[in-house]
Amino acid sequence: MLDERAKTLLKTLVERYIADGQPIGSRTLSRASGLELSPATIRNVMADLEDLGLIASPHTSAGRVPTARGYRLFVDTMLTAQPVSLDDDPTQPAPQIHPDQPQRVIASAAQLLSNLSHFVGVVTAPRKASRFHHIEFMRLSERRVLVILVAPDGDVQNRVIVTAQDYTPAQLVEASNYLSAHYAGLTLDEVRERLKLEVDALRGEIAALMQAAVQAGSEAVADSQEQLVISGERNLLTVQDFSSDLGSLRKLFDLFEHKTQLMRLLDVSSRAEGVRIYIGGESMVVPFEELSVVSAPYVVDGQIVGTLGVIGPTRMAYDRMIQIVDITSRLVGNALSQK
27 MLDERAKTLL KTLVERYIAD GQPIGSRTLS RASGLELSPA TIRNVMADLE DLGLIASPHT
87 SAGRVPTARG YRLFVDTMLT AQPVSLDDDP TQPAPQIHPD QPQRVIASAA QLLSNLSHFV
147 GVVTAPRKAS RFHHIEFMRL SERRVLVILV APDGDVQNRV IVTAQDYTPA QLVEASNYLS
207 AHYAGLTLDE VRERLKLEVD ALRGEIAALM QAAVQAGSEA VADSQEQLVI SGERNLLTVQ
267 DFSSDLGSLR KLFDLFEHKT QLMRLLDVSS RAEGVRIYIG GESMVVPFEE LSVVSAPYVV
327 DGQIVGTLGV IGPTRMAYDR MIQIVDITSR LVGNALSQK
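Using this note's numbering, the first residue of the sequence shown is number 27, and each one after it goes up by one.
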């Protein structure tokens, strides 16, 4: 546990480093903290903070910089980010996301996050309901069938399946009619459970085809959920922390090219309420020391349907990023709720 003097000095050091980007020396810390302490006392406290792994000394400077652990303590116990309203500053035009098709809403949100933060904005597409209104089967060739799933909102999902045996067009029509007549409006998971109970009452070959179709539909829906929109990757080229480190930049752009890692990160975020902060190097969630992520889920009709966030350097203004992410998540939720 840190005493109040150490907390004040750590908070001041982190804030000054975020603002200036330069290692903080004891003289600067003495002036900025407002504490009447001798340089020797401040140096002793800084040595203690360094022993705790909260700050570090770059080889080229006598000053100190925060570590990931120091940022985490600052964010968890010292950061004061007040909840904000969408129209807090009447002198500035309020950020807006107009109701539109979901794909355009999330694209606008990613761009807004990037523009406001000057870093990278990421948004996962809304998770689509897996209910279907109509299903059709079309024979492509021997044992290859095209499954066409039509959702209640008109969205169409196509998937080719390989069946254990060949089916005639008449059998495919029969299966289509049966599924559409008896299971329309249910989720694919609900259909699967019903089929488990009813499979003995159906002809074996039709039941197998239905189960294959439901599995294919589930995979199609899962694929549609792995949609991620990224905006502002090039903003990182102007970040001082990365501009001289080509290795860091290479890792960053590899991260954006391999979106599955971002999806995993945002999936973790979506299971928590409110804004979450992930600081580089703390865990495999953010495996790069130089990166931090501020994220939040967005809600439509009381349900979490996706996640958005800002990705930038660990030396970011966390209080401002929290406000940007919080506002944008509410804007997205409002825009999608009006559809």
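Do not rely on the hints blindly, as some may be mistaken.
20 Å max Cα-Cα, derived DMTMM-like pairs, lysine to aspartate or glutamate [what the hints assert, rightly or not]: (1) K37 with E62; (2) K33 with E76; (3) K37 with D345; (4) K37 with D74; (5) K37 with E76; (6) K33 with D74; (7) K33 with D345; (8) K33 with E62; (9) K33 with D77; (10) K33 with D126.
These are computed hints drawn from the structure, not numbers from a lab.
Straight-line alpha-carbon gap K33 to D77, limit 20 Å = holds, 15 Å
ask   = Straight-line Cα separation of K37 and E62 no greater than 20 Å?
value = holds, 16 Å
Proposed proximity, D74 with K37 (alpha carbon, max 20 Å) = holds, 15 Å
query = Can the restraint linking K33 and D126 be considered satisfied, given a maximum Cα separation of 20 Å?
reply = violated, 47 Å
request  = Compare the distance between the alpha carbons of K33 and D74 with 20 Å, and conclude whether the hinted pair is satisfied.
outcome  = Status holds; Cα separation ~12 Å.
query = Regarding the pair K33 and E62, is the alpha-carbon distance no greater than 20 Å?
reply = holds, 15 Å
key: Pairwise hint evaluation, D345 against K37, where the allowed Cα distance is 20 Å at most   = With Cα atoms ~13 Å apart, K37 and D345 stay inside 20 Å; holds.
query = Taking only the CA atoms, is the gap from K33 to E76 under or equal to 20 Å?
reply = Holds, at roughly 13 Å.
key: Pair hint outcome, K37 versus E76 [Cα-Cα no greater than 20 Å]   = Holds - the C-alpha atoms of E76 and K37 are around 14 Å apart, at most 20 Å.
query = Within 20 Å, alpha carbon to alpha carbon, are K33 and D345?
reply = holds, 18 Å
The structure is inconsistent with hint 10 alone, although it conforms to all the rest.
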